[in-house]
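Enquirer: As a plain string of letters, each chain reads:
Number of protein chains: 2
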Amino acid sequence: MANSNNHRGPQKTHIRRVKILDIEAGKNIAILNDEDANDMSVFISDRISLKYRGKEEIVIVDTSKKLVQKGEIGLYADSAKQLKIRGGETVELVNVPTPKSLEYIRKKMDRKSLSQDEIYSIVEETVQNRLSEGELASFVSAAYINGFGIAETVALAKSMVDTGQSLDLGVHPIADKHCIGGVAGNRTTMIIVPILAAAGVYIPKTSSRAITSASGTADTFEVLAPVVLPIEDLRKVVLKTKGCIAWGGAINLAPVDDKLIRIRNSLHLDPRGLLLASILGKKKAVGAEYLVVDIPIGRGAKVEDENDGKSLANDFLQVSESLQIKTRCLITDGSDPIGFGIGPGLECIEVLAALSPEGSKEKTEMLGGGQEVLEKGTLMAGSILEMVGKAPIGSGAEIAMDLVRKGKAMDKMREIIGAQGGDAKVKISDLPIGKYLYAVKAEKGGRVSHVDNKAVSRIARAAGAPKDKGAGMILHCETGDKIVPGDTLFEIISESETKLSFAIETANALPPVELQKIIIGKVE
Amino acid sequence: MANSNNHRGPQKTHIRRVKILDIEAGKNIAILNDEDANDMSVFISDRISLKYRGKEEIVIVDTSKKLVQKGEIGLYADSAKQLKIRGGETVELVNVPTPKSLEYIRKKMDRKSLSQDEIYSIVEETVQNRLSEGELASFVSAAYINGFGIAETVALAKSMVDTGQSLDLGVHPIADKHCIGGVAGNRTTMIIVPILAAAGVYIPKTSSRAITSASGTADTFEVLAPVVLPIEDLRKVVLKTKGCIAWGGAINLAPVDDKLIRIRNSLHLDPRGLLLASILGKKKAVGAEYLVVDIPIGRGAKVEDENDGKSLANDFLQVSESLQIKTRCLITDGSDPIGFGIGPGLECIEVLAALSPEGSKEKTEMLGGGQEVLEKGTLMAGSILEMVGKAPIGSGAEIAMDLVRKGKAMDKMREIIGAQGGDAKVKISDLPIGKYLYAVKAEKGGRVSHVDNKAVSRIARAAGAPKDKGAGMILHCETGDKIVPGDTLFEIISESETKLSFAIETANALPPVELQKIIIGKVE
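Taken in sequence, the protein lines are chains A and B. To convert a position in the first sequence, counted from 1, into this note's numbering, add 2. To convert a position in the second sequence, counted from 1, into this note's numbering, add 2.
It is possible that some hints are incorrect.
Where chains are identical, the list cannot tell them apart; a pair therefore holds if satisfied intra-copy or between any two copies.
As the list claims (entries may be wrong) - Calculated pairs, DSBU-like style, for lysine-lysine (alpha carbon to alpha carbon, straight line, at most 30 Å):
1) 261 with 102
2) 68 with 446
3) 410 with 102
4) 242 with 446
5) 109 with 68
6) 160 with 83
7) 83 with 72
8) 443 with 114
9) 21 with 328
10) 469 with 67
11) 469 with 102
12) 83 with 68
13) 72 with 519
14) 83 with 21
15) 68 with 53
16) 114 with 456
Quick caveat, the hints were computed from the structure, so don't treat them as lab data.
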């Protein structure tokens, strides 16, 4: 087949007056009057370049007959905000040439490895919004089908760092943690950050919001303090307290990654190279020198098989070595939710219970007192304390637990909450719990064989989580527990009656608690 | 990795009042007030189902704070038109489940063959707008990388027919022709259709508009008659005249194909299975029993190598056999443009010159009298006359040429033009030619070694084709011609001075005529 066109001959420019339209489309869209569009030979869904005040941005074209007049350009409200363009301003429109990285995407589709420069070009043009959703999806698909080698992965991670914002704290040691996700209630970040910061280790933690889960760390910590921190604020918080828990989406650490993730999510594609570059690029961008990675495995987790978990861990180590990040991977039990509270408010209660020092009045027995998340969190924090030399090998977890028992971790947590703009004196009783409750009781007795992460997430989301901070679930059992008929298996909690009944229906359709069966199958 | 979710639990419905917004986005978009969107737990870019008057359609969600109030749903003008919804109507909104075909797209990515049912499901959900651009791009990419077998291709073609409109003429024989494209000026359809119709062969021809070329057959024939024919009108025209030349885009022969083609174009991906299904599915949908396929090969053509052309031809034969279409593929010379006029108006002049009977007053020597397109067109028409038994083997082209010489083809052409709503008495002198001309002359002498199809298209487009019907180029030379300095190589023709100068710049950047070089390279 003949090659594609990288030249489009000379270009003309067109001056247009901006009109802001109160619509949000989640991507940069400009509306041209259809006669203007014809004159420029651009069509719906084409890309066009906007030049203004020394900047240049690529937008996607929609057209209008009347709403946008000739000589005007309509901008969607979210685009105008992101591009920092005001109504009435004049901008210059220029046709954009075919992105050169399309050739490299084709090359990857043709089973060839990409050079560092070619990967950089794909990342750069993605950041500049020059590639369409379909073109990016083709890149992700090609990386998934044909594989993405370690060298390509390292190049992708470095390109992400180069095209995003970086945090240069100028301090040491800087640590970070990561979990590949998939386990409900797994709020170890909120245990690890205050412990490490209390021990003198810097941990500028950025976390995600929920996509399909009941709550992401950013959604949960937001109950305690604002998590939308511009990078300069984040820097100040970390230099002051040594830690933070911020929403990664508010910082442009790896803008290309947000676009790639959106595409990966819809087809549940996790091409390993893209996954690793995404994670490790962001760690590199915050200056992490030490990293602990949580890889939960087991039934209902993202990785079900232990060998797959180990292979993933090995790739993590190889890529992070090239990026000069000392990394330890922990393969953990991910077959059940961690802890008993699911949903932003309930998870905060559980974390604060876990961090409460011995003998504290705040200590609550609710949600098992937070013991399960505390145990996992201190094991992980201890691992980093050992890596950075703040604890002898083998005693990190104990030292971490000691920082909790003595209240140092809770003090640090309050300091971080305050520094991020939250109420440093927050009490467990202040935290939101929805007032609509429904307890699901066991109809039959038996031993619990499985509590399904996905069903738990689905039910909690139906109840309103993560948007409704007081919504979610309280689990009253875990795998191995013996149940008698009438025992409460779990409670659904909601801020609205409608959402509660929606969540109840969801729980009936997808029961999250499974009891052991004596006869598993039958062959006749 | 764990599996994706195909269940989302129970669903709620929401009643909304429609507000039409004067914006065209080329896909079905609905704007929800952001509070309503929150209540429904839908986000920007999610899909949602609209139910109204017994119909159900899937739309993509944008949000608005003020333009669309709570209780309203904003519809883009083109969506409202396509969905046949009026402002003020009430519609019911329902959350949509995850499309089941995502699983099959994943399966294709995992190098497995898809069954007929799985392919049908992908096609059906694409037609229903349930798949995003990125999801479809992943399917196309997977088909390109992992291949798409003959059985899959046949299943795809059949699914396209099943999900689109079909033409049931109830007559015989029905023939069709197809060209894989890439050659400028290749207007053989306008020669073949009137010849076959005059010979008593039905040819319900649907053609495309230009994407990157200077003019598609539909763009060109539109100079003579309307080409936007609803399927019922097309049926009437064909039953009356035996032929037609309509724009395929106005008929839903294979709605899924338009979406697939859009994605294939951006990355210049032609996964063979998708290409064949797309072409042959549409032929099947119009009831074609006989088909001739033009596969131009050579430098600058879509297929450069003869063996690639033959392999493509073999696949054409295999798939069309399964679809019960008798097919002949012609490998033709595609290294140069066909004919001398490029652009809608000029191509019409050339075709009418070609069809003019011997001794006719209308006969013009302009553009070589249309001899080049006439010769190719009669060879192809003759091929079909032989296949359907209207000409002895070996004499089809001569019989076709005879129908032209005697004026039968021109009479039929006028009958078709009239039946489609054009002026049956149209004269060559009525046809549009832009009044701004620029002749490009040879600076050096020599033999023409190549006239580049892509450069020709680019220049003609810059001059305003295909939108400006009088715009384009006249070629004054072809490969093999001897040129002396000062000879006119080509003329650029435009309807506007600005576009003319834009086209001149394009021609300077991409000179379309190449002279033979004595020294091709130098190694020192």
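Enquirer: Run every hint past the structure and note whether it holds.
Expert: Hints, verified against the model:
{"no.": "1", "hint": "261 with 102", "result": "both (19 Å within a copy, 23 Å between copies)"}
{"no.": "2", "hint": "68 with 446", "result": "neither (65 Å within a copy, 52 Å between copies)"}
{"no.": "3", "hint": "410 with 102", "result": "neither (54 Å within a copy, 51 Å between copies)"}
{"no.": "4", "hint": "242 with 446", "result": "neither (54 Å within a copy, 74 Å between copies)"}
{"no.": "5", "hint": "109 with 68", "result": "neither (43 Å within a copy, 45 Å between copies)"}
{"no.": "6", "hint": "160 with 83", "result": "within (28 Å within a copy, 47 Å between copies)"}
{"no.": "7", "hint": "83 with 72", "result": "both (23 Å within a copy, 23 Å between copies)"}
{"no.": "8", "hint": "443 with 114", "result": "neither (56 Å within a copy, 44 Å between copies)"}
{"no.": "9", "hint": "21 with 328", "result": "neither (50 Å within a copy, 56 Å between copies)"}
{"no.": "10", "hint": "469 with 67", "result": "between (38 Å within a copy, 18 Å between copies)"}
{"no.": "11", "hint": "469 with 102", "result": "between (41 Å within a copy, 27 Å between copies)"}
{"no.": "12", "hint": "83 with 68", "result": "both (23 Å within a copy, 16 Å between copies)"}
{"no.": "13", "hint": "72 with 519", "result": "neither (70 Å within a copy, 49 Å between copies)"}
{"no.": "14", "hint": "83 with 21", "result": "both (12 Å within a copy, 25 Å between copies)"}
{"no.": "15", "hint": "68 with 53", "result": "both (24 Å within a copy, 28 Å between copies)"}
{"no.": "16", "hint": "114 with 456", "result": "between (37 Å within a copy, 27 Å between copies)"}
Figure legend: structure checked against the earlier numbered hints; hints not met, in rising order: 2, 3, 4, 5, 8, 9, 13.
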